[in-house]
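Could you put together the complete structure from these sequences and hints?
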Amino acid sequence: MFTGIVEHIGEIKSIDEGHGNTLYTITNASPILGDCHLGDSIAVNGVCLTVTAFNSEEFTVGVSSETFRRTDLQQLQVGSPVNLERAMSSTSTTRFGGHYVQGHVDGTATISSCVKDDDESLLFTFKMDDPRFIRYVVEKGFICIDGTSLTVTEVDNSNATFGIMMVVHTQQHVIMPQKKIGDSVNIEVDVSAKAIEKQVAIQLEGQLIDESSVISKLIKKYVEEKVEEVLKK
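Everything in the sequence shown is counted per UniProt numbering, starting at 1 for the first residue and increasing by one.
Simulated from the structure, these hints should not be mistaken for lab results.
Where is the CB? At the ideal position from N, CA and C, for every residue including glycine.
A couple of the hints might just be wrong.
Claimed, not checked - Subject to a maximum C-alpha distance of 20 Å in a straight line, what follows is the list of computed SDA-like cross-link-like pairs (lysine to any residue):
hint	residue 1	residue 2
1	Lys-127	Ile-111
2	Lys-140	Gly-163
3	Lys-180	Gln-75
4	Lys-180	Val-167
5	Lys-127	Lys-140
6	Lys-179	Ser-121
7	Lys-180	Val-138
8	Lys-127	Gly-182
9	Lys-140	Leu-123
10	Lys-198	Gly-107
11	Lys-13	Leu-123
12	Lys-116	Met-165
13	Lys-140	Lys-194
14	Lys-198	Gly-141
15	Lys-140	Val-191
16	Lys-13	Met-1
17	Lys-194	Leu-122
18	Lys-140	Leu-122
19	Lys-13	Gly-62
20	Lys-194	Arg-70
21	Lys-180	Thr-125
22	Lys-180	Thr-108
23	Lys-180	Thr-110
24	Lys-194	Val-138
What the hints assert, rightly or not - Using C-beta positions, here's what the derived DEER-type ranges look like:
hint	residue 1	residue 2	range
25	Ser-64	Glu-120	35 to 41 Å
26	Phe-68	Leu-123	29 to 35 Å
27	Asp-156	Lys-116	18 to 24 Å
28	Phe-68	Pro-131	16 to 22 Å
29	Leu-204	Leu-123	33 to 39 Å
30	Val-78	His-8	16 to 22 Å
See the structure below:
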């Protein structure tokens, strides 16, 4: 579990595709490796990945085909900057400044516009690459973009687009301002929206089953009554 508060920006040192899955070694990561252990989870651009090797300056993670399918990690190259966040610790005294983030990316979106506001904030607009996920995005709700917890400022369901505002402090600590119009970002919608949808679907399905059962009983009773009438004749 993560918070969506990026701790540090690392850099892709190497990409090795010769071990069944792709291994990424990320360097310039010493600020988050002081308490690292093999098997720890680190979010890389919002994707929860498992540490398979590390030293004081860098660490290695493996990326599966499923992760490539859901995310834009395959677009990373040697030298690419990446957002990094360690998994939450039960003993941490750090304030929870973001929202509950799983590191399970739902899909990607494309940066469609970026405008600087009068107060130097950046107004980003994104278009969902898979429009199905826009139904989980609500104005003033949370969304995680490249591992960064952000607040949705606008939503256009018909065009599968949404916007966020990024203040100057956040701009200085995440990679998104380095990206260009047309670039891809990883999206994780708020898991509570998916949980609510699932529960509503289960309730509606249960109602339909109940209604179907009642209708079946009524039809059966009607048929039995008609059969009985015919037999009496």
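Output the numbers, in ascending order, of every earlier hint that fails for this structure. 7, 11, 16, 17
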